[in-house]
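2 protein chains.
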Amino acid sequence: MSIQQERRPLDSEGLSTPGPKPIEWNKITKMPTVGILGGGQLAQMLYQSAISLGIEAHVFASVTDEAAPKYFRDITKASSESWTPPEIYHFAQKCDAVTFDHELVSPNIVRELEKRGCLMLPTASTLELSANKANQRQRLSQLGYALPPYQICNSVPETVSFGERYGWPIVIKPSTGGYDGRGVFIIENEAEATTLFNTLSSHLPFVVEPKLALEAEGSVLAVRSTTGECLTYPMVKTMQVDGMCREVTCPSDFSDEVTEEARKIAENLANELEVVGILAVEFFIVGGKLLVNELAPRPHNTGHTTIEANMTSQFENHLRAILGLPLGSTELRVPAAAMVNLISNSNSQNVIPYLPLALSVKKASLHLYSKTPRKNRKIGHVTATANSVAEALELARKTVDILSGLDISEG
Amino acid sequence: MSIQQERRPLDSEGLSTPGPKPIEWNKITKMPTVGILGGGQLAQMLYQSAISLGIEAHVFASVTDEAAPKYFRDITKASSESWTPPEIYHFAQKCDAVTFDHELVSPNIVRELEKRGCLMLPTASTLELSANKANQRQRLSQLGYALPPYQICNSVPETVSFGERYGWPIVIKPSTGGYDGRGVFIIENEAEATTLFNTLSSHLPFVVEPKLALEAEGSVLAVRSTTGECLTYPMVKTMQVDGMCREVTCPSDFSDEVTEEARKIAENLANELEVVGILAVEFFIVGGKLLVNELAPRPHNTGHTTIEANMTSQFENHLRAILGLPLGSTELRVPAAAMVNLISNSNSQNVIPYLPLALSVKKASLHLYSKTPRKNRKIGHVTATANSVAEALELARKTVDILSGLDISEG
Chain A
1 MSIQQERRPL DSEGLSTPGP KPIEWNKITK MPTVGILGGG QLAQMLYQSA
51 ISLGIEAHVF ASVTDEAAPK YFRDITKASS ESWTPPEIYH FAQKCDAVTF
101 DHELVSPNIV RELEKRGCLM LPTASTLELS ANKANQRQRL SQLGYALPPY
151 QICNSVPETV SFGERYGWPI VIKPSTGGYD GRGVFIIENE AEATTLFNTL
201 SSHLPFVVEP KLALEAEGSV LAVRSTTGEC LTYPMVKTMQ VDGMCREVTC
251 PSDFSDEVTE EARKIAENLA NELEVVGILA VEFFIVGGKL LVNELAPRPH
301 NTGHTTIEAN MTSQFENHLR AILGLPLGST ELRVPAAAMV NLISNSNSQN
351 VIPYLPLALS VKKASLHLYS KTPRKNRKIG HVTATANSVA EALELARKTV
401 DILSGLDISE G
Chain B
412 MSIQQERRPL DSEGLSTPGP KPIEWNKITK MPTVGILGGG QLAQMLYQSA
462 ISLGIEAHVF ASVTDEAAPK YFRDITKASS ESWTPPEIYH FAQKCDAVTF
512 DHELVSPNIV RELEKRGCLM LPTASTLELS ANKANQRQRL SQLGYALPPY
562 QICNSVPETV SFGERYGWPI VIKPSTGGYD GRGVFIIENE AEATTLFNTL
612 SSHLPFVVEP KLALEAEGSV LAVRSTTGEC LTYPMVKTMQ VDGMCREVTC
662 PSDFSDEVTE EARKIAENLA NELEVVGILA VEFFIVGGKL LVNELAPRPH
712 NTGHTTIEAN MTSQFENHLR AILGLPLGST ELRVPAAAMV NLISNSNSQN
762 VIPYLPLALS VKKASLHLYS KTPRKNRKIG HVTATANSVA EALELARKTV
812 DILSGLDISE G
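Protein chains in written order, with the working numbering: chain A, 1 to 411; chain B, 412 to 822.
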């Protein structure tokens, strides 16, 4: 730990006011250390950026994390599946700022660490919003953003009545516990709804939505520093399959009006919610209109093209933001880019024999996550940059198809 | 070690024939491990690329190396300043291919490891050429490349006679031991020559050259795989001060004829010398004519812009080459780029307080090397990409000036 966090007096409610201090660059003598809770691919890509900036990065890894142990020099391994506050506190104390590889850390634990003077970014307040889809929807609604029609349901009858009003099938998202499509259920009738309520009762309430006819989906990343500086990345178009992001293209083919409105929404949200770091805002486009679908306050799958395509990657800007450094330009430096996720099609997928053919696709950049393949698990991604989105997408798809054993034609 | 190197029978001269086998991707079941001899900034940037490819990378670090220990998970520390063959062999045995952060490893040791079945890339033969400037000049001369006028001198009288023939001052490069300008001496007269011969007698013979009126300097990187595939990067223009690279710009402003001739020379050299990995070929331009100045068979300072500016960085292509994978496209993906080295101006330079202002130069990418500052030591570099070389160079210079404490105007 290169700077001592000042321990602040607790106010009458036991909350520290106004919270742990950001890093003061004119006072420190050693490069700061960033802690990362969770050791997946986002941690790994943050590490690559930390190396360029000369920032130290330690990871607190789950028992099951496989990516981080392969490359991180400094790892603290959780002693069990469920992380204990003392273990996380012990880790956080050694860091000048702590950030997240995923949103599965309890906001209560994060708030407790904040009280003890640890600089947790995003903050517990931001995490509370992103970790609970019901809270998130209600807050976005209060703030006046256009959202998909929805109802927060606590029971089967409420849900059935919603289904009858909007028509079946309906979409159910439990408030907690899900990501990458694992938290999105298409429900056809009362019987299926009943089963879901019985199975996932610990994740109540549910956000219930009609199954909308989406014209397209898109995403804007905002990044906001502890200094209040806020920038947005150019909007990307996303293609989802079963609730999981498969492809991202940039620039999107949406109108200037849509992209500018989406940009403003992302910027406003980052400022209104006082997010620090990356805030990914995912949008539905329905009837030519933008609806805010979901927020994620961390580097995001829909931002992976920024590594090759933008002046500053989302990973470097996330680090700059939480460390209170000026943000780098978010502009594109190439005409077009496309990213395709490499999703394991079995529990035994082995990409090694396909690597030579896959890498013969000259203009594609491969990112492997060093994860054991499991069916439907993201184990890597490929980004291609080119003069057009169509060309970039073709190159990235071809590479992923070869790695998946689906394309054996010449690269 | 994920594959077992086959131990080959030694022929009558004790040389292995035809040398250790390249990696066979259709036979391995685990990602290969690359060993890197030396733990400076090149090792560090190779590590960043290894992470994306899912390649394991171990470093054999000198007692004094500071960069690698900060980020590498797997480090073998040399037990003393001078590396012993058993130590390096023990390290190399754990790796599927071994490459170099610098050229200060004795080619004899490398040849010995090759005999024992270790895949050393570049090979001992290539290193012999690059590690000894006299051998390099003679070989290039035999191959028929245009070179600066030179003489290999073993004594003061030979050197003085060269000086009298071409005019003082002359340039003296001891055959071994120098890089980054530390091996280039401008000598004004016999007395200075005598001193140099006395001081550096262990680095004889000397390459002696006239001090040429250079119009410009440039560099082309070739990259060649174990498969024989060879690509070249677009030529860059380099600006040297005291024999040390200060600035690189790309594309160069040289004529198409010059850049195409330089490209062909680099490609031919990589093939003729059977280099595997990056081969940097540095050129003088004198009287509109290209002269080959020097070769370096490793990722090179003049190739750092490839990280941001080209489809595939020199570091990733070096790894692909030594692992026998297809090479990535070397094309530019931006209109223009410039790199400026951050060179320590004292033994106590501290960039930390200048970071916030330096990073406020929005379109510049910083690479810090995590090295203790020493006067004239490279401790980082900054690359900027833009629509023109002039704009990129201005951004990179401004950032470096701020970090050096030379510019306190607004970023």
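Keep in mind that the hints were calculated from the coordinates and are not lab data. Heads up, a few of these hints could be off.
[As the list claims (entries may be wrong)] Dumping the calculated DSS-like pairs for lysine-lysine here, alpha-carbon to alpha-carbon at most 25 Å:
| hint | chain 1 | residue 1 | chain 2 | residue 2 |
| --- | --- | --- | --- | --- |
| 1 | A | 375 | B | 505 |
| 2 | A | 264 | B | 774 |
| 3 | A | 363 | B | 488 |
| 4 | A | 371 | B | 505 |
| 5 | A | 375 | B | 773 |
| 6 | B | 441 | A | 371 |
| 7 | A | 94 | B | 782 |
| 8 | A | 30 | B | 488 |
| 9 | B | 438 | A | 30 |
| 10 | A | 371 | B | 675 |
| 11 | A | 264 | B | 488 |
| 12 | A | 378 | B | 441 |
| 13 | B | 774 | B | 789 |
| 14 | A | 362 | B | 675 |
| 15 | A | 378 | A | 77 |
| 16 | B | 773 | A | 27 |
| 17 | A | 362 | B | 438 |
Status of each hint after checking the structure:
1. A:375 - B:505: violated, 32 Å
2. A:264 - B:774: Cα-Cα ~22 Å, so holds.
3. A:363 - B:488: violated, 37 Å
4. A:371 - B:505: Since the Cα atoms of residue 371 of chain A and residue 505 of chain B sit roughly 22 Å apart, the hinted pair holds (cutoff 25 Å).
5. A:375 - B:773: violated, 41 Å
6. B:441 - A:371: holds, 12 Å
7. A:94 - B:782: Holds. Residue 94 of chain A to residue 782 of chain B sits at ~22 Å (cutoff 25 Å).
8. A:30 - B:488: holds, 24 Å
9. B:438 - A:30: violated, 46 Å
10. A:371 - B:675: Judged against 25 Å, a Cα distance of about 42 Å means the pair is violated.
11. A:264 - B:488: violated, 52 Å
12. A:378 - B:441: Given pair residue 378 of chain A, residue 441 of chain B holds - Cα atoms ~19 Å apart, limit 25 Å.
13. B:774 - B:789: holds, 22 Å
14. A:362 - B:675: Given that 25 Å is the threshold and the Cα spacing comes to 21 Å, the pair holds.
15. A:378 - A:77: holds, 22 Å
16. B:773 - A:27: OK: residue 773 of chain B and residue 27 of chain A at ~23 Å, within 25 Å.
17. A:362 - B:438: Since the Cα atoms of residue 362 of chain A and residue 438 of chain B sit roughly 23 Å apart, the hinted pair holds (cutoff 25 Å).
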